[in-house]
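K.L.:
Take a look at the letters that make up each chain.
Number of protein chains: 2
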Amino acid sequence: MGIFPKDIKTMDDLFVHTLRDIYYAEKQILKALPEMIEKATDPQLKQAFQMHLGETKNHVTRCEQVFKMHGVEAKGIDCPAIDGIIEEAQDIAGEVEDKEVLNAALAAAAQAVEHYEISRYGTLIAWAKQLGRNDCASVLQKNLDEEKAADRKLTELAEERLNLRAAS
Amino acid sequence: MGIFPKDIKTMDDLFVHTLRDIYYAEKQILKALPEMIEKATDPQLKQAFQMHLGETKNHVTRCEQVFKMHGVEAKGIDCPAIDGIIEEAQDIAGEVEDKEVLNAALAAAAQAVEHYEISRYGTLIAWAKQLGRNDCASVLQKNLDEEKAADRKLTELAEERLNLRAAS
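Chains as they are written, first to last, in the numbering used here: chain S, 877 to 1044; chain U, 877 to 1044.
The shape of chain S in the complex, shown without the other chains (with noise of 0.2 Å):
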């Protein structure tokens, strides 16, 4: 339940809350990417998750962006699910031993963080134009658009390389 029960009251009100809840997912994936960096050792997989790092970074300035152009003040809100996520990634990478495994492992578990942006901006998208902003949605659209990159770019590079090497 949230703090004050029933305070969502219209689309627009479910709108705000969802765009704080992945503006509050952006925050924790910028904080969480720097150690998915570090651990990765196969130098794609960093590059990848270095140029997401920059990707990141933009999209929250461009949910700040989203939360002028509708007027409201841009903050966080609790997000259980990207939480949860994250902190399964960090489980995973903690109890990988080979390095070629714990790539696998790590591109897997980004992608898992992807998934949970796609949904959430497709979701954002959909509700920004039924409300009329359109101007909203083509702001989020940049950010699932660059969500979904990044997640074609983690197949390939598990498919063609991080996979392979993990199971010789």
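Source of the hints: derived by calculation from the structure; they are not laboratory data.
It is possible that some hints are incorrect.
It does not matter which identical chain is used: a pair holds within one copy or between any two.
[Stated by the list, open to error] Each computed DSS-like pair below joins lysine-lysine, with the alpha-carbon atoms no more than 30 Å apart:
#1 K1024 with K1005
#2 K922 with K1005
#3 K944 with K922
#4 K882 with K1029
#5 K933 with K975
#6 K944 with K915
#7 K885 with K1029
#8 K903 with K1024
#9 K951 with K1024
#10 K1018 with K944
#11 K882 with K903
#12 K1005 with K915
#13 K1005 with K1029
#14 K922 with K885
#15 K1005 with K975
#16 K1029 with K1018
#17 K975 with K885
#18 K975 with K882
#19 K922 with K882
#20 K915 with K882
#21 K885 with K915
Model the placement of chain U on the given structure of chain S, informed by the hints.
P.N.:
For chain U alone, coordinates are given in the frame of chain S:
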């Protein structure tokens, strides 16, 4: 950290670990869905959730089949990711007053669940193939296909029906 740190040594260990993660997740979803069915007031959303409850039962059975094919014990392991995603779904459901807005929120929460599963099954299938277990991969593919179809169905319902009503 796991109870037994560094207990994942090979790609095979990682595959089994992640299979146990999604097995636990499917069982948690099985427990969470009846509440979502009860809370949904849109008949088509209720029906989609009910259909997915049936599918989820099959997913559990298919995971057990894969454990058996792979010669390991069918057991779940704690999955903080799905716990967080479900907790967030329950939080949001408790915070929304309006029924139409609640339907839109429930569909979105279910899509976050679907996306977690899509990510996990995608990874498991790639790993199974890498390990030469195409037999396991093709069973897991059935689960993935149904998760993707469920996600598409929810997008369709949200965009054609739920969001429209929630915003009016």
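K.L.:
Name the hints, by number, that the structure is in violation of.
P.N.:
3, 6
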